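Undergrad: What follows is each chain in one-letter form.
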Amino acid sequence: MLEVKNIDVFYGDVQVIWDVAFEVKKGEVVALIGANGAGKSTTLKTVAGILRPKKGEITFEGVSINKIEPYKLIETGLALCPEARRLFVEMTVEENLDMGSLRGEAKKQRQKTKEMVFDLFPRLSERRRQLAGTLSGGEQQMVAVGRGLMALPKLLMFDEPSLGLAPILVREIFDVIKKIRQEGTTVLIVEQNTKQTLSIADRAYVLETGKITLQGTGQALLNDEHVKKAYLGV
Amino acid sequence: MTSVQIEVFLQTLIAGLLLGGLYALIGLGMTLIMGVMKIINLAHGELMMVAMYIAYWMFVLFHIDPYLSIFIATPILFLIGIALQKFLINPVLKVESILPENQVILTVGIGMVLANLATLFFKSDYRSTPVDYATNAFYLSDFWKTSPIELSLSVPWTVSFVFAVIITISLWFFLAKTDTGKSIRATAQDTDAALLMGVNVKLMRVVTFGIGAGLVGAAGCLFLPIYYLFPSLGGQFTLIAFVITILGGLGSTIGAIIGGLILGVFESMTATYVGMGWAPVGRFVIFVVCLIFLPGGVASILKRKRLGK
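First to last, the protein sequences are chains F and E. All residue numbers for the first sequence refer to the working numbering, where the first residue is 1 and numbers rise by one. All residue numbers for the second sequence refer to the working numbering, where the first residue is 1001 and numbers rise by one.
Just chain F, with the same shape it has in the complex (with noise of 0.2 Å):
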């Protein structure tokens, strides 16, 4: 579904990612895993456009997105949920979800989908007319999961969505990927948090310093001797 070819990418005149090559297949759960710095959240915003490959190419179901704008790309069926959130503070809850539904077919069915969400996430549906920025740390996670919802993609893309919650948030967020998988969409991961990231992911690679050091299956990466001295600390 999501195939990135050897990618190469640039801060200015730094490179931060070497050579990077990854597939994502329809219906799956992919997981990054790497330390702070590793390339992780660049690679994702290079999927989603806002960085460019100096080198490679990417292609979402066998179409390559390299030269398109970004913000069509969420048309295509490619959506994220970028790291910290990123919510519209000083928009209220309902609001940011019509954000995530300004193109399309997701347009469409707006209010079918929202209904959705509101079923995924109840507490949200309280909270509805509330500014996203009074939320706290978990309904904004929740916010932002829905907002990536309401594209209705074809793969969701997650960037760290255990940054900053507390651990049964944490957990509750990772039932809420497993569950948005059953239903058919299929998710690229990436986070720190790889012991949990792992036990839900199909297949995962290791991301060290901007290269692809390892990749596997969840439970072999869980069991390999780096992976659980570098990342689990056993």
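Bear in mind the hints are in silico, worked out from the structure with no lab data behind them. All values reported here derive from a predicted model rather than from experimental measurement.
With a straight-line cut-off of 25 Å between C-alpha atoms, the simulated DSS-like cross-links for lysine-lysine are:
#	chain 1	residue 1	chain 2	residue 2
1	E	Lys1177	F	Lys108
2	F	Lys108	F	Lys154
3	E	Lys1086	F	Lys72
4	F	Lys55	E	Lys1094
5	E	Lys1202	F	Lys67
6	F	Lys112	E	Lys1177
7	E	Lys1094	F	Lys67
8	F	Lys72	F	Lys26
9	E	Lys1094	F	Lys54
10	F	Lys72	F	Lys55
11	F	Lys25	F	Lys154
12	F	Lys154	F	Lys112
13	E	Lys1086	F	Lys67
14	F	Lys55	F	Lys211
15	E	Lys1177	F	Lys72
The following label-pair restraints were derived from C-beta to C-beta distances:
#	chain 1	residue 1	chain 2	residue 2	range
16	E	Leu1203	F	Gly12	25 to 33 Å
17	E	Lys1305	F	Lys112	33 to 41 Å
18	E	Leu1203	F	Glu115	27 to 35 Å
19	E	Glu1101	F	Met116	45 to 53 Å
No residue lacks a Cβ here, since even glycine has one placed at the ideal position from N, Cα and C.
Dock chain E against the given chain F, drawing on the hints supplied.
TA: Frame of chain F, contents of chain E only:
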């Protein structure tokens, strides 16, 4: 207080509110542009001057009332704003330079060119628009025969104020209820997130500059029946818009409305109780006081309230 003192106070307050409504409209355009593009448009007053000349010539040549010219000048200013953004400001945005304020300096230049072109074409004469209702007024005693005090409302001021309120409400409706309006607000709050949601951020910048210019264009038409027109009047209104934008809190639309009203009332009070010539001084006193004691503007108070802190 004697009834005369009350009369003077109320009359001053009314004059201030009427002026403030128009100021709010000028401030709204600037604050909208500020919110989305993070730059202060220092050609704002000059754009208003352009709209005033359009409305003036419409009146002199075709006898079109300045209030009707709103429907001519606003679209023209919208297009001028779009053109300025697209062909002058956007190219400068792309250039990496030492000064990130380059676009602001560019708007100063645009303002100078506009002011000097106007001087070139129309001479630096002061003109006033001889609308036949210029000196008409509503009197309280006409409506309420036994009123203990007498208040008057100038017709052009009142009509201008009503138009300003209508335009402000339409703008609010547009920003709050339409997808394009929400996209503009989203772009102002978080450009990258807006981009991810499918907002054409570049287009929103252009449209916002157009709307900002259109708003100040409408304000120009509303000011024409009550104010003199001369090529260099822009600078003064740019300053007023700037003060309102700071008073209201950068980028806040509600803040700009409240800021405009505060400024209008404050100026009017200064003019009555200190002296006519002191009104601009009052304007800057409140500006400095705001910078020192309320650097976030009215918006910061509103925000604190809404966040329940």
